[in-house]
Amino acid sequence: MQRRFPNKVLPYLLVSPSIVVVIIFLVIPTIQSLYMSFFRVSPFGDRLIFVKLYNFTKLFKSTDYVHSLLITLVFAAAVVALGITIGLLISVVLNQRLKGLNYYRTLFIWTYAISPAVAGTIWALMFDPSSGPIVYIIKTLFNVKLNWMMNGNLALVIVIIAASWKMLGYNIIFFLAGLQTIPEELLEAASIDGASSVRKFFKITLPLLSPTTFFLLIMNMLYAFFQVFGLIDIMTKGGPGNATEVLVYKLYRDGFINLDTGFASAQSVVLFVFVAILTALQFKYAERRVFYG
Amino acid sequence: MKTKKSKIVLTYIFLSIMLVVIIFPVYYAFTMSTFNSKEAYSFPPRFLPSTHIWENYKTAWTTVNMGRLIFNSSFISVTVALAKIGLSIMAAFAFTYFGEFKGKFFFFTTILITHMLPLPIRIVPTYDLMRSFGWINTYYALTIPFFASATGTLLFRQLFLTVPPSLSDAARIDGAGPMRFLVNVLIPLSKTNIGALFLIEFTYMWNVYLWPMIITNSNNMRVVQIGIKMLLASEAQAADWNIIMAGTILAMLPPLLVLLIFQKTIMEGFSLKEEK
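From first to last, the protein sequence lines stand for chains U and P. Just so you know, we're using the numbering used here here: the first sequence kicks off at 1 and counts up by one. Just so you know, we're using the numbering used here here: the second sequence kicks off at 1 and counts up by one.
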């Protein structure tokens with residue numbers, strides 16, 4: 001038996017809306033990005049000059065860009081590490097069969113619905129140099145006055161906290177779903193054999209959960225690279241100095257404020273390489289699964 | 001399995017601490033939205049709500065024309081979510097119920113590739129394209145480029161593959177055409193997935209920031225996320241934290257509401273995804 005309707009035209013009609021949208025708004029502009037990265041706009045803005053790899057050499061010679069690249073890597077690594085470890089910890093504890101935990105679950109996943117811009121605004125309030133509650137607590141406890149508008153490293157730390165806080169809900173949703181698939185008999189058998197909770201976690205839960213963890217690793221990475229523009233724009237605008245100028249923010253600045261199209265396009269191409277690597281990893285090591293983006 | 005009492009106590013202590021860490025920022029944001037401007041900047045900060053809630057929300061609402069922004073955000077989020085659901089159901093149906101047709105693999109890959117092309121990768125040319133279409137400051141620019149969904153197509157494809165072939169055979173024998181089968185049989189079977197996808201895509205569109213920021217510049221076409229930015233740096237002078245937070249709370253409520261409504265669905269939807 002086969003699920004099959006004998007119709008030669010209908011399948012084309014059905015896929016065409018999606019295909020048209022993808023080609024016009026995604027594929028063609030991407031190709032143009034690639035193309036533009038080999039050109040420079042003439043001083044009068046009236047024609048394109050072919051400059052070979054000039055934009056790319058300029059990119060990697062620019063200390064600003066290399067700095068932005070490093071900042072982004074630090075930022076992404078920290079957001080991924082924080083979001084995944086804390087999310088996993090909370091999920092494992094939440095997944096126990098205890099009375100009332102069901103109600104608790106809702107309370108942990110709602111940050112999923114918060115936007116990066118909202119997260120940024122709220123954390124900017126928490127760390128407001130003159131009246132923020134966390135600044136106040138730190139001052140009372142350690143007599144240190146935090147001012148992230150003056151301190152680049154501190155600004156980076158705070159941006160990282162805000163970004164991973166926002167992703168916790170998402171991570172917990174997926175970890176909880178992943179934990180449900182682990183057969184309970186396995187954990188019970190281990191308990192009967194006298195395995196401690198910690199041992200069970202490292203020997204059973206963690207390995208069986210690895211597809212979920214890997215999936216979240218990629219998704220958090222993509223988030224840290226591409227979805228944090230609003231958070232940065234609201235909180236720091238890349239500052240102080242350029243301490244929090246991640247790649248997407250720099251790209252926006254060069255493309256839309258400095259109007260350096262060729263240079264911005266070269267940056268787009270570098271970002272594309274990152275996505276390509278992440279996607280390749282995803283397809284190679286994870287089973288094909290649905291993900292959100 | 002018996003669980004020790006001390007373990008239960010520890011569980012609740014741990015969860016409560018984490019809960020405070022997760023919820024406190026939003027609690028404080030809400031508290032801030034009830035202060036007057038003097039209370040807002042008191043140091044040490046106040047941690048209990050005050051009584052100025054109504055006037056702050058009113059000020060935030062009128063300062064950035066919040067009614068219009070909420071309408072715009074709602075309109076584009078609902079439109080995009082529904083369009084993505086519709087288009088991906090159609091595509092998934094084409095990929096599962098018509099055997100092999102010429103170009104199937106190419107079409108499938110093309111839709112999947114959406115994942116590899118986030119906005120920053122194509123931002124300048126897409127902007128130029130909108131300009132040449134005359135789509136700056138229009139709902140077209142805010143919705144149509146988002147209509148395709150790889151997530152949705154994969155999600156519905158997986159679901160349709162688990163539907164017993166006997167159903168479509170029966171439909172065919174009864175003389176029902178493919179579109180009737182889709183509408184009367186497959187779509188009702190997809191309720192959970194539709195709910196989950198609606199939540200995902202509504203939230204995604206509500207929270208989009210960079211695209212609306214570059215593609216709109218008239219106050220009538222702005223969206224809620226940009227409204228926060230406008231409150232933070234309104235032309236005259238920066239608004240006070242209490243006003244900004246009133247606006248921020250307004251901006252975060254609609255997706256939270258949708259999350260609450262679809263909460264059960266999303267848990268089911270996501271665990272369903274994990275199995276395959």
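Derived by calculation from the structure, the hints in this document are not laboratory data. Fair warning: this is a prediction, and the values are worked out from it, not measured in the lab. Check the hints yourself; a few may be wrong.
To be verified - Footprint (simulated), chain U over chain P, 3 or more residues, beta carbon under 8 Å:
id : region
1  : 8–15
2  : 31–38
3  : 186–195
4  : 198–211
5  : 222–229
What the hints assert, rightly or not - Using 20 Å as the maximum straight-line C-alpha spacing, the simulated SDA-like pairs for lysine to any residue come out as follows:
id : chain 1 : residue 1 : chain 2 : residue 2
6  : P       : LYS264    : U       : LEU13
7  : U       : LYS61     : U       : LEU208
8  : P       : LYS104    : U       : ASN7
9  : P       : LYS229    : U       : MET149
10 : U       : LYS284    : U       : SER197
11 : U       : LYS139    : U       : ILE161
12 : U       : LYS99     : P       : ILE13
13 : P       : LYS7      : U       : PRO211
14 : P       : LYS58     : P       : PHE43
15 : U       : LYS284    : U       : LYS203
16 : U       : LYS61     : U       : PHE44
17 : U       : LYS139    : P       : LYS264
18 : U       : LYS99     : P       : PHE43
19 : P       : LYS229    : P       : THR110
20 : P       : LYS191    : P       : LYS102
21 : P       : LYS229    : P       : LYS264
22 : P       : LYS58     : P       : LYS191
23 : U       : LYS8      : P       : GLU100
24 : P       : LYS4      : U       : GLY100
25 : P       : LYS104    : U       : LYS145
26 : P       : LYS4      : U       : LEU101
27 : P       : LYS4      : U       : ASN7
28 : U       : LYS99     : P       : ASN217
29 : U       : LYS284    : P       : LEU112
30 : U       : LYS99     : P       : THR110
31 : P       : LYS7      : U       : LEU156
32 : P       : LYS38     : U       : LEU13
33 : P       : LYS4      : U       : GLY194
34 : U       : LYS284    : U       : GLY194
35 : P       : LYS104    : U       : LEU13
36 : P       : LYS4      : P       : ILE23
37 : U       : LYS203    : U       : LEU101
38 : U       : LYS284    : P       : LYS38
Virtual Cβ for every residue (Gly too), placed ideally from N, Cα, C.
Here's how the hints hold up against the structure:
1. 8–15: holds (count 4)
2. 31–38: violated (count 1)
3. 186–195: It is violated: at least three residues are needed, and the region 186–195 of chain P offers just 0 whose Cβ sits closer than 8 Å to chain U.
4. 198–211: With 7 residues close enough to chain U, the hint holds.
5. 222–229: holds (count 3)
6. P:LYS264 to U:LEU13: violated (34 Å)
7. U:LYS61 to U:LEU208: Not satisfied, since the Cα-Cα distance of roughly 45 Å exceeds 20 Å.
8. P:LYS104 to U:ASN7: holds (14 Å)
9. P:LYS229 to U:MET149: holds (18 Å)
10. U:LYS284 to U:SER197: violated (32 Å)
11. U:LYS139 to U:ILE161: holds (19 Å)
12. U:LYS99 to P:ILE13: holds (14 Å)
13. P:LYS7 to U:PRO211: violated (28 Å)
14. P:LYS58 to P:PHE43: Distance ~26 Å between LYS58 (chain P) and PHE43 (chain P) Cα, so the pair is violated.
15. U:LYS284 to U:LYS203: violated (24 Å)
16. U:LYS61 to U:PHE44: violated (25 Å)
17. U:LYS139 to P:LYS264: violated (43 Å)
18. U:LYS99 to P:PHE43: violated (41 Å)
19. P:LYS229 to P:THR110: Violated - the C-alpha atoms of THR110 (chain P) and LYS229 (chain P) are around 35 Å apart, more than 20 Å.
20. P:LYS191 to P:LYS102: Given pair LYS191 (chain P), LYS102 (chain P) is violated - Cα atoms ~31 Å apart, limit 20 Å.
21. P:LYS229 to P:LYS264: Violated, at roughly 33 Å.
22. P:LYS58 to P:LYS191: violated (39 Å)
23. U:LYS8 to P:GLU100: holds (10 Å)
24. P:LYS4 to U:GLY100: It holds: about 16 Å lies between the C-alpha atoms, which stays within 20 Å.
25. P:LYS104 to U:LYS145: With a Cα-Cα distance of about 62 Å, the restraint between LYS104 (chain P) and LYS145 (chain U) is violated, given a limit of 20 Å.
26. P:LYS4 to U:LEU101: Judged against 20 Å, a Cα distance of about 16 Å means the pair holds.
27. P:LYS4 to U:ASN7: violated (63 Å)
28. U:LYS99 to P:ASN217: violated (52 Å)
29. U:LYS284 to P:LEU112: holds (15 Å)
30. U:LYS99 to P:THR110: Given pair LYS99 (chain U), THR110 (chain P) is violated - Cα atoms ~47 Å apart, limit 20 Å.
31. P:LYS7 to U:LEU156: violated (37 Å)
32. P:LYS38 to U:LEU13: violated (62 Å)
33. P:LYS4 to U:GLY194: holds (14 Å)
34. U:LYS284 to U:GLY194: violated (37 Å)
35. P:LYS104 to U:LEU13: Given pair LYS104 (chain P), LEU13 (chain U) holds - Cα atoms ~12 Å apart, limit 20 Å.
36. P:LYS4 to P:ILE23: Given that 20 Å is the threshold and the Cα spacing comes to 28 Å, the pair is violated.
37. U:LYS203 to U:LEU101: violated (25 Å)
38. U:LYS284 to P:LYS38: violated (57 Å)
Against the hints set out earlier in the document, violations occur for numbers 2, 3, 6, 7, 10, 13, 14, 15, 16, 17, 18, 19, 20, 21, 22, 25, 27, 28, 30, 31, 32, 34, 36, 37, 38.
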